[in-house]
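Trainee: One-letter residues, chain by chain:
There are 2 protein chains.
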Amino acid sequence: MTQISEIAVIGLGAIGWGAALSLLEEGFIVYGVDKNSEKLERFAEQKGEACTTAAEAVKNVKIAAVYVVDDAQTEEVLFGETGALTTASEGTLFILSSTIPPSSATQFSERLIEAGMLVLDAPVSGGPALALRGELAVLVSGSTAALEIADPVFHAISSRVHHIGEEPGQASKIKMLNQMLTDIHVAATAEAMTLATEIGVDLGTMYKVINNSTGSSWAFDVRGEKLIRKDFKPRAPINNVTKDLGIAEREANKAGLNLPLTSAAYQLFTRASENGLGQEDGIAVAKLLTDSAETVDSEEPQSKESSWSLFSKNTSK
Amino acid sequence: MTQISEIAVIGLGAIGWGAALSLLEEGFIVYGVDKNSEKLERFAEQKGEACTTAAEAVKNVKIAAVYVVDDAQTEEVLFGETGALTTASEGTLFILSSTIPPSSATQFSERLIEAGMLVLDAPVSGGPALALRGELAVLVSGSTAALEIADPVFHAISSRVHHIGEEPGQASKIKMLNQMLTDIHVAATAEAMTLATEIGVDLGTMYKVINNSTGSSWAFDVRGEKLIRKDFKPRAPINNVTKDLGIAEREANKAGLNLPLTSAAYQLFTRASENGLGQEDGIAVAKLLTDSAETVDSEEPQSKESSWSLFSKNTSK
Chain L
1 MTQISEIAVI
11 GLGAIGWGAA
21 LSLLEEGFIV
31 YGVDKNSEKL
41 ERFAEQKGEA
51 CTTAAEAVKN
61 VKIAAVYVVD
71 DAQTEEVLFG
81 ETGALTTASE
91 GTLFILSSTI
101 PPSSATQFSE
111 RLIEAGMLVL
121 DAPVSGGPAL
131 ALRGELAVLV
141 SGSTAALEIA
151 DPVFHAISSR
161 VHHIGEEPGQ
171 ASKIKMLNQM
181 LTDIHVAATA
191 EAMTLATEIG
201 VDLGTMYKVI
211 NNSTGSSWAF
221 DVRGEKLIRK
231 DFKPRAPINN
241 VTKDLGIAER
251 EANKAGLNLP
261 LTSAAYQLFT
271 RASENGLGQE
281 DGIAVAKLLT
291 DSAETVDSEE
301 PQSKESSWSL
311 FSKNTSK
Chain X
1 MTQISEIAVI
11 GLGAIGWGAA
21 LSLLEEGFIV
31 YGVDKNSEKL
41 ERFAEQKGEA
51 CTTAAEAVKN
61 VKIAAVYVVD
71 DAQTEEVLFG
81 ETGALTTASE
91 GTLFILSSTI
101 PPSSATQFSE
111 RLIEAGMLVL
121 DAPVSGGPAL
131 ALRGELAVLV
141 SGSTAALEIA
151 DPVFHAISSR
161 VHHIGEEPGQ
171 ASKIKMLNQM
181 LTDIHVAATA
191 EAMTLATEIG
201 VDLGTMYKVI
211 NNSTGSSWAF
221 DVRGEKLIRK
231 DFKPRAPINN
241 VTKDLGIAER
251 EANKAGLNLP
261 LTSAAYQLFT
271 RASENGLGQE
281 DGIAVAKLLT
291 DSAETVDSEE
301 PQSKESSWSL
311 FSKNTSK
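Respectively, the protein sequence lines represent chains L and X. For the first sequence, the numbering used here puts the final residue at 317, and the numbers step up evenly by one. For the second sequence, the numbering used here puts the final residue at 317, and the numbers step up evenly by one.
All the pointers check out, no bait thrown in.
Just so you know, same-sequence chains aren't split out, so a pair can sit in one copy or run between any two.
Calculated cross-link-like contacts (lysine-lysine; reagent style DSS-like; alpha-carbon spacing at most 27 Å):
1. K208 / K254
2. K208 / K243
3. K35 / K59
4. K35 / K62
5. K254 / K230
6. K254 / K243
Everything labelled a hint here was simulated from the structure, so no lab data went into it.
Can you build the whole structure from these sequences, using the hints too?
Mentor: Below, the structure is given as structure tokens:
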């Protein structure tokens with residue numbers, strides 16, 4: 001078995017940059033692609049091979065990882081005029097790690113397979129910091145053969161790879177469903193703790209009791225604790241939550257489903273984003289809830305201070 | 001310390017009946033109160049002391065447990081013409097275990113304390129079967145002195161007593177918040193699994209991955225598993241869920257809060273109840289979601305069969 005030692009990394013954004021540097025550190029020759037020339041210069045300084053098009057990068061390799069931001073960019077870097085498919089040799093393995101709707105992941109995978117390529121559907125969890133440390137969590141679906149080829153790559157970028165089946169698209173779907181539940185639970189935690197504060201419940205006692213009861217969730221445990229500490233540094237910023245829930249909302253609509261909690265959560269986080277909370281952690285929706293009776297029908301942006309004042313009252317008892 | 005061996009049990013409904021029998025079994029003399037004469041006859045057959053009014057029962061005892069169904073009944077059995085306060089001697093301990101809003105629990109407690117009584121706010125979890133086995137879970141707030149007096153009573157009716165503070169009302173509040181989170185999570189689980197089924201995700205794989213990820217919750221673990229098995233025997237029937245969420249919704253409104261996920265869950269479970277699912281487990285809202293695109297703006301009751309057909313497809317892969 002020949003060990004793959006050359007790889008194209010398409011998209012050097014938050015996640016792609018960290019993945020590319022982790023791969024360089026592990027001794028890979030990395031062909032990095034980005035539209036941003038400044039970023040390419042910085043990449044060259046790190047001893048990366050800077051490429052302005054996917055076509056240029058992919059002609060050198062048998063494996064390419066894609067970390068662009070949406071469907072349109074994925075379409076362009078794979079199937080566009082200067083896209084990867086114009087130069088990729090047959091059997092090249094594409095690792096699709098962009099945050100795209102599962103239905104898109106499925107379609108892109110099918111088109112790549114039709115074109116004679118190998119594909120892994122490999123959505124990642126974790127932010128830029130984890131990417132730089134090579135500690136992304138990766139959920140993968142695709143053939144076992146493809147997974148074996150990708151093994152040294154995942155070893156470089158990830159501390160946790162979870163293979164969930166042969167069919168590309170499954171990983172993106174389950175990732176979407178996991179995000180949807182996480183985000184609803186975060187909003188529910190914000191609602192419960194906001195109501196608790198208003199009716200004079202000690203949040204510490206509530207936290208302990210509920211964490212050991214039927215109301216418990218990962219979100220309540222981890223993000224509820226952040227809310228009690230008033231720590232809004234993003235574990236996942238509201239702008240990402242909005243993007244994730246938007247994907248779930250559209251996939252549900254496509255399937256002819258009306259999912260009222262998913263919709264309510266999507267609207268709540270969207271409103272939080274519009275009210276200037278986009279860069280804060282998801283649990284910061286609590287700031288919006290305290291003033292919600294007054295602002296629910298209003299378009300005016302809120303004062304963070306006024307909406308925030310509530311949590312000065314009872315959290316530190 | 002004199003061990004209390006006589007007790008009044010006011011309300012011999014689903015929970016009160018089980019509690020009263022558990023107390024008889026432990027050797028208590030139990031004065032049982034109910035409006036239903038047939039129930040009183042059955043109680044006498046069990047060697048209970050049957051009383052038609054709270055006044056009659058409470059004059060014999062220093063401790064009384066209340067298991068009636070709502071605010072109005074609680075008002076009546078405590079403060080009404082033939083209520084407990086007409087005969088209760090000073091320092092009688094009242095254990096309030098009816099499912100009432102926390103604000104009511106607080107107010108009733110205050111009025112009892114003003115009247116020279118002792119009070120424990122002691123909402124219970126668990127259905128009739130657990131009540132009969134003496135295995136209710138009880139969350140208690142109230143003075144340590146009152147808790148000590150009540151100790152043999154809780155020992156008889158409960159396998160788990162969790163004391164969370166001196167102030168009556170705290171237990172009811174935290175119980176309400178726990179129910180609110182549980183119910184939202186149950187609805188979220190139903191939404192995620194319904195969407196999963198529609199987009200062709202294997203529920204078993206999804207269950208395993210999410211149970212170990214950020215989307216996990218008690219509800220997803222326990223009720224999601226029921227949904228996969230299509231087991232709708234009520235752990236908590238939708239009619240109870242609707243009652244619990246209604247209390248949370250009204251307490252939020254009283255506090256001037258608009259909690260969109262709580263409202264969405266309340267509406268969803270109410271709709272499920274209206275569509276004939278009231279006696280099924282909360283997770284049965286999934287049956288409603290599959291047809292929700294068509295029925296969301298309609299008042300027509302749904303056919304259970306048609307809404308249910310979805311889950312024949314992918315759950316048993």
